[in-house]
Amino acid sequence: MWVTFGALAIFFYAVIWILQRSYVADRNFSDYAVGGRSFGPWYQAMSFLNTWYPGAMFTAFAGLAAGTGVISYYVLLYSLLTVVLMYAMATRVWLWGKRFDLSTQSGMFYLRYDSRHIRTLTAVIGIISSFPWLVLGMQALGAMFHYLSLGYLSFTTSVILAVAVMVIRQFWTIRMGMRGVVISDMFQGIVAYGGGSLLIVGLIVWLVRTKGIHFSSLDAKMFAIPDRNSPQGALYLFALIFSGTVGGWCWPSIFVRLFTADSARSVKKAAALAMPWSIIFCGGLLLVCMLAGRLPDVAAHPDDVWFLLSRDAGGLAVLALAGVCVLAASMGNIDGNIQAMGTQIAGDVVGNNAQLSHGQLLTIAKSGMAIITALAAWAACSKLPALFSIAVLSYQGIIQLAVPQMLGIFWRRGNKQGAIAGLVVGFIIASTLEIQFQGSVPWAYGLTSGVIGLLANLVVYVACAYLFPHSQSERARIDALFESTSSLDDEKAAIGTPPAGATACSAN
Amino acid sequence: VKSLRRTHFKEVFMNPPFPPGDATLSRAATAWFVVDWIVALFPPIHWGMAGPLPDILGVPATLAYFLGVSLFIATSILFAYWVDIQRSNLV
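One line per chain: the protein sequences are Z and B, in this order. If you use my numbering, the first sequence closes out at 508, no skipped numbers anywhere. If you use my numbering, the second sequence closes out at 91, no skipped numbers anywhere.
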């Protein structure tokens with residue numbers, strides 16, 4: 001226990017030391033919310049990865065690979081397609097962020113649709129939907145502590161310990177805002193995905209050379225994916241990949257990464273850097289867990305595959321390293337979520353309805369983060385019923401933001417009526433179907449509730465775009481917004497003053 | 001010969017056979033993105049891969065599909081970034 005917990009303590013101390021050394025006082029709310037838009041491509045790439053791949057990669061998704069096999073690779077495909085989307089929207093979103101001082105996803109909605117209501121609505125959806133995942137993240141960390149204690153700590157004590165660690169860690173998130181999140185993401189990302197990838201390679205070699213496990217050793221069903229007659233439905237795999245891809249950018253903590261870069265070029269280079277990291281880490285992790293599914297211990301407890309495999313291969317020392325990787329990945333995800341939620345409370349909920357100074361916004365954001373941390377800590381330690389079902393339900397709900405967000409970025413005709421009506425209709429349909437069917441909908445060929453909600457949402461959005469055409473002034477405003485990002489000298493243009501017609505909708 | 005190949009590769013990399021203002025490469029990058037979505041999401045491809053297929057280079061067909069598509073998507077981003085650099089689209 002001292003070996004495993006000692007490694008975690010050293011890692012935790014290193015993160016805190018880095019944060020203490022890199023503290024810079026924020027000049028204003030924007031500085032606090034997006035780190036002064038000062039981060040280069042490596043920071044951006046690591047920050048994205050550390051928010052995108054949570055600790056659950058080593059538990060839930062690793063367990064999926066060990067238990068069901070190759071279908072788990074849908075995670076890798078949607079993660080890569082998400083980066084394609086990141087690349088496609090990088091220039092426009094970054095430029096809008098820079099020019100109009102945007103610091104949140106909801107701020108972008110406000111800018112595009114010129115509606116205060118949609119800003120509050122999307123922020124509330126983002127905060128409510130993120131919360132159950134925050135609680136689950138803390139509980140998953142508790143499961144890891146339980147495992148690493150080698151049975152010395154009960155599960156409840158382990159969860160309380162994990163929550164205590166994350167609460168202590170949030171002191172620096174609250175103090176340093178986005179700057180602290182991104183800087184720690186760099187270190188945590190190197191440990192989780194760099195160190196994790198090295199460990200994965202070692203474990204694959206161990207499985208092949210010592211245990212003699214190859215592809216041919218695995219059961220044929222481990223390589224099966226749903227066909228058109230499968231019980232899950234013909235479109236089940238499509239629905240998994242599609243909802244994962246479009247849903248990725250709906251999370252406020254992911255979207256805000258587009259605003260933290262020092263240039264559009266950094267965002268694009270970060271996308272290029274994230275690709276090989278994703279394939280090596282995510283592809284390698286799923287592969288090693290599939291192979292490990294052949295081990296009797298793992299077959300009995302697939303969700304523990306990462307820890308069982310590490311302990312079998314290298315004893316306590318390797319188990320400790322495996323635990324550090326999970327802690328590093330979990331911390332990045334939890335910090336990012338708390339930071340994004342606090343910023344949205346200040347800028348998009350309270351600040352959207354009252355004129356506040358930068359100092360007041362900062363105070364509200366920090367208080368919001370503290371309250372959310374306390375609430376999540378309480379929820380993680382309580383045995384809330386149906387938490388996982390609520391989290392899945394919230395996911396099917398939050399991906400409804402994809403329609404007004406993506407079409408708003410790429411299509412001028414969309415309007416606020418369509419955005420709000422589509423969101424409401426999509427959310428109601430997705431929630432109703434999820435409560436009724438929990439997962440894929442039988443009569444829809446395996447489409448999930450969220451994807452059906454998205455289709456309805458899209459129909460409403462497009463219909464409203466044609467039924468309620470823009471007024472002349474609104475059309476001029478939107479044209480100016482889009483034309484301001486179509487220049488080849490985009491970034492130079494961003495530094496200048498906004499073009500005529502593009503009325504400022506500053507996030508703050 | 002290796003040195004010559006390296007020099008040739010470097011020249012082509014730094015000076016692609018399209019002038020900076022030419023949008024051909026940019027259109028190719030966009031088209032590649034569209035193909036990314038098709039190969040990853042088009043259900044008939046999933047159904048085709050679900051059938052009994054022989055291993056590809058010793059790798060089971062479904063795994064080869066996922067890995068192949070992943071590499072294809074990753075390469076599209078690297079290509080798009082290279083195109084952006086060449087066209088000086090980024091500053």
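Some clues are possibly wrong.
[As the list claims (entries may be wrong)] Label pairs and their calculated CB-CB ranges:
1) Z:Ala164 / B:Asp55: 43 to 53 Å
2) Z:Ile428 / B:Ile38: 51 to 61 Å
3) Z:Trp42 / B:Trp82: 54 to 64 Å
[Claimed, not checked] One side of the interface only, derived from the structure: several residues of chain B facing chain Z at Cβ under 10 Å:
4) Thr24
5) Leu25
6) Ala31
7) Pro44
8) Pro60
9) Ile77
Since the hints were derived computationally from the structure, they do not count as laboratory data. In this text, a Cβ means the ideal position worked out from N, Cα and C, and glycines have one as well.
Verification of the supplied hints:
1. Between Z:Ala164 and B:Asp55 the Cβ separation comes to about 50 Å, which falls inside the hinted range of 43 to 53 Å.
2. Range check, Z:Ile428 to B:Ile38: about 31 Å between beta-carbon atoms, so the 51 to 61 Å window is missed.
3. In this structure the hint that Z:Trp42 and B:Trp82 lie 54 to 64 Å apart at CB is violated, the actual value being about 18 Å.
4. Interface hint status for B:Thr24: violated, as the beta-carbon distance to the closest one in chain Z is roughly 15 Å, over 10 Å.
5. Look at B:Leu25: its Cβ only gets to about 14 Å from chain Z, farther than 10 Å, so that hint breaks.
6. This hint is violated: B:Ala31 has a C-beta 13 Å from the nearest C-beta of chain Z, more than the 10 Å allowed.
7. Proximity of B:Pro44 to chain Z holds as hinted, the smallest CB-CB distance being about 8 Å (cut-off 10 Å).
8. At about 4 Å, the closest approach between the beta carbon of B:Pro60 and any beta carbon in chain Z falls short of 10 Å, and the interface hint on this residue holds.
9. About 5 Å separates the beta-carbon of B:Ile77 from the nearest beta-carbon of chain Z, less than 10 Å, and the hint is met.
Hints 2, 3, 4, 5, 6, counting from the list given before, are not met by this structure.
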